[in-house]
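S.K.: Below are the chains, spelled out letter by letter.
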Amino acid sequence: MIWVTWRQHRAQILVTAAFLALLGMLLLGSAVEAIRYMSEHAPPGCPGPAVACGDLAAALGRRYDAVYSVFGWMPLVAPALIGAFWGAPLLGREYERGTHRLAWTQSVPVGRWLAVKLSILGAAVVAGGLLLSLMVSLWRPVFRSGADSTFGNIGVFNMVGVDPAAWWLYAFALGTAAGTLFRRTLPAMALVVAGVAVTMFTLFRLSDYYAEPARTELSGSVVLDDQDARLVSAAWVEPSGREVADPSDSGCPRRVDAGQSNRNTEAWQACLFGKGYRYAVYYHPPARFWRFQWTEAGILTLASAALGGLAVRSTLRRPG
Amino acid sequence: MSAALEATGLGVRYRRTWVLRDCSLSLPTGRVAALVGPNGAGKTTLMHAAVGLLRPALGSVRVAGEAAFVAQDKPLYESFTVAEMLAFGRRMNRRWDDAAAADRLAALGIPLRRKVGRLSGGQQAQVAVTLALAGLPDLLMLDEPLANLDPLARHDVMRSIMAEVAERRLTVLLSSHVVSDLEETCDWLVVLNAGRLQVSGDIEELLDGHLVVTGPDDAPIAGAQVVSASRTGRQVGMLVRGAPPLDPRWQARSPGLEELVMGYLRSPDSAALPKLTGVGA
Numbered sequence: 001m002i003w004v005t006w007r008q009h010r011a012q013i014l015v016t017a018a019f020l021a022l023l024g025m026l027l028l029g030s031a032v033e034a035i036r037y038m039s040e041h042a043p044p045g046c047p048g049p050a051v052a053c054g055d056l057a058a059a060l061g062r063r064y065d066a067v068y069s070v071f072g073w074m075p076l077v078a079p080a081l082i083g084a085f086w087g088a089p090l091l092g093r094e095y096e097r098g099t100h101r102l103a104w105t106q107s108v109p110v111g112r113w114l115a116v117k118l119s120i121l122g123a124a125v126v127a128g129g130l131l132l133s134l135m136v137s138l139w140r141p142v143f144r145s146g147a148d149s150t151f152g153n154i155g156v157f158n159m160v161g162v163d164p165a166a167w168w169l170y171a172f173a174l175g176t177a178a179g180t181l182f183r184r185t186l187p188a189m190a191l192v193v194a195g196v197a198v199t200m201f202t203l204f205r206l207s208d209y210y211a212e213p214a215r216t217e218l219s220g221s222v223v224l225d226d227q228d229a230r231l232v233s234a235a236w237v238e239p240s241g242r243e244v245a246d247p248s249d250s251g252c253p254r255r256v257d258a259g260q261s262n263r264n265t266e267a268w269q270a271c272l273f274g275k276g277y278r279y280a281v282y283y284h285p286p287a288r289f290w291r292f293q294w295t296e297a298g299i300l301t302l303a304s305a306a307l308g309g310l311a312v313r314s315t316l317r318r319p320g
Numbered sequence: 001m002s003a004a005l006e007a008t009g010l011g012v013r014y015r016r017t018w019v020l021r022d023c024s025l026s027l028p029t030g031r032v033a034a035l036v037g038p039n040g041a042g043k044t045t046l047m048h049a050a051v052g053l054l055r056p057a058l059g060s061v062r063v064a065g066e067a068a069f070v071a072q073d074k075p076l077y078e079s080f081t082v083a084e085m086l087a088f089g090r091r092m093n094r095r096w097d098d099a100a101a102a103d104r105l106a107a108l109g110i111p112l113r114r115k116v117g118r119l120s121g122g123q124q125a126q127v128a129v130t131l132a133l134a135g136l137p138d139l140l141m142l143d144e145p146l147a148n149l150d151p152l153a154r155h156d157v158m159r160s161i162m163a164e165v166a167e168r169r170l171t172v173l174l175s176s177h178v179v180s181d182l183e184e185t186c187d188w189l190v191v192l193n194a195g196r197l198q199v200s201g202d203i204e205e206l207l208d209g210h211l212v213v214t215g216p217d218d219a220p221i222a223g224a225q226v227v228s229a230s231r232t233g234r235q236v237g238m239l240v241r242g243a244p245p246l247d248p249r250w251q252a253r254s255p256g257l258e259e260l261v262m263g264y265l266r267s268p269d270s271a272a273l274p275k276l277t278g279v280g281a
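Taken in sequence, the protein lines are chains H and D. The first sequence begins at 1 in UniProt numbering and counts up one residue at a time. The second sequence begins at 1 in UniProt numbering and counts up one residue at a time.
No lab work stands behind these hints, which were simulated from the structure alone. Any given hint could turn out to be false.
[Claimed, not checked] A short list of chain H residues far from chain D (calculated; beta carbon distances all over 10 Å):
#, residue
1, Leu102
2, Val108
3, Gly155
[To be verified] Across the chosen pairs, the derived CB separations fall in these ranges:
#, chain 1, residue 1, chain 2, residue 2, range
4, D, Glu183, H, Arg112, 51 to 57 Å
5, D, Val226, H, Ala190, 30 to 36 Å
6, H, Leu181, D, Arg91, 27 to 33 Å
7, H, Pro187, D, Gly40, 44 to 50 Å
8, D, Leu58, H, Arg205, 27 to 33 Å
9, D, Gly40, H, Ser314, 22 to 28 Å
10, H, Ala190, D, Gly256, 23 to 29 Å
For every residue, glycine included, the Cβ atom is placed at its ideal position computed from N, Cα and C.
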């Protein structure tokens, strides 16, 4: 059965492995080059927060952005591809070609056939996702020591930790279930792409509620100094302590800004702070990284189990 | 006489339509059985139920020992080589005779390293049959094994199967809607019509037990059990079971297999089922 699984799905396995290897080489090359650049060009004490380090940080930033633009689309596209090429054909193609009537009439029972395929391919998908996460996690700190954004940037957040594995597994299960639903590969692929996009959007919206947001009151600035935090909402606090969405009766003149300038808004904010207003920010601090990772991974894993169960059930119940 | 395949009160439906109703059937071991009936009679459904590809709504169907099945379009993995198809069979079956399969393919001149998708239709059918036989089944079921094959390939496929039957105790059930395909090779007949079982029995006994009689349409038919009748002008041709009508104007002769099958298919209410399997039919 293991050989059969390998033989039928080796194209997907090999292409995915080759892609990960290629990405790994790209990241390794980029990191090595960046480290060499730093050792040659970094002033003493850099990289760090010192002013002298600005040029170095900018140079590293350019390098980072160049490579990131190559695989920045991965949090969305990689799961979609996994679902479309690993999940959708698993059962969809068998039905489409009628080969399920060959595969399911051998001595090996249908249940075992499916269990072996789902567990081997599912494990491979999880391993692939974890490998991606590991590579990205090793590569990023070379450029971003001190100013990390693995939490606040949702794109990066979905590429590190356990989330890539959970996303890949979810897409695989979604594709498999879609394959039994349509009994065709192509519509199942389309459903996977749409499903992954919708799920990602939904979870992005939902992630604000993974935990009770932290609250802090700012005076003098409306910008949270922790750049990696996830902003949930904000409001003005009157001197009396009451929170208002829009401080209209403050007496501060608010003029409309023209073009790119936000001079008028800043003046209005300064006026408010001068009158004793404070700015309340609700946010998730970066310390919640793992809590959010596991919450999202948990949701996706549960969904994968449900979809996998659905695929197993419909395969065992009404084959033919 | 033990049964290689036994169905009891088998009923299968797709959504609200019954495609197989109250089907009770016992196929003796060692027979080569022809499963015939018009398109949509339920032949494929009966086979799918027997190999577990679908679950019956009512009753049960049981195969004694290992069953091998070749589906109608003879599905194979087209991207596999012939050798890989054999490896697939070896790994998916408890029993497997690799040497016999390789020998058979060599004798047929089918190269092991060729991709299945690049074989001719006849060769693909041979690979599918070879795979089924290599699992050393007790019952081999073939759904329309000869459809889409040219006459030469038909002959070759049938010869492969019959050679295996001659060698060991193998029961074969093969379906077709063309009776003449099966006339020379089969010794048991099963007729399905509109989801109901009409005939199940030894072909020789069935032929011996029926007569085709012709006579004027005003001749009395007393004494005969008429299966079906057809009129041409003032003449009537009838398929009767058992003795011919008493009136001497009737002329009787033995039916051919095709006449027998057609006679039953024309009158779906007639049935020729042994008592053993006729329960409830």
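S.K.: In ascending order, which of the hints set out earlier in this document are inconsistent with the structure?
M.R.: Per hint list: 1, 2, 4, 5, 7, 8, 10 violated.
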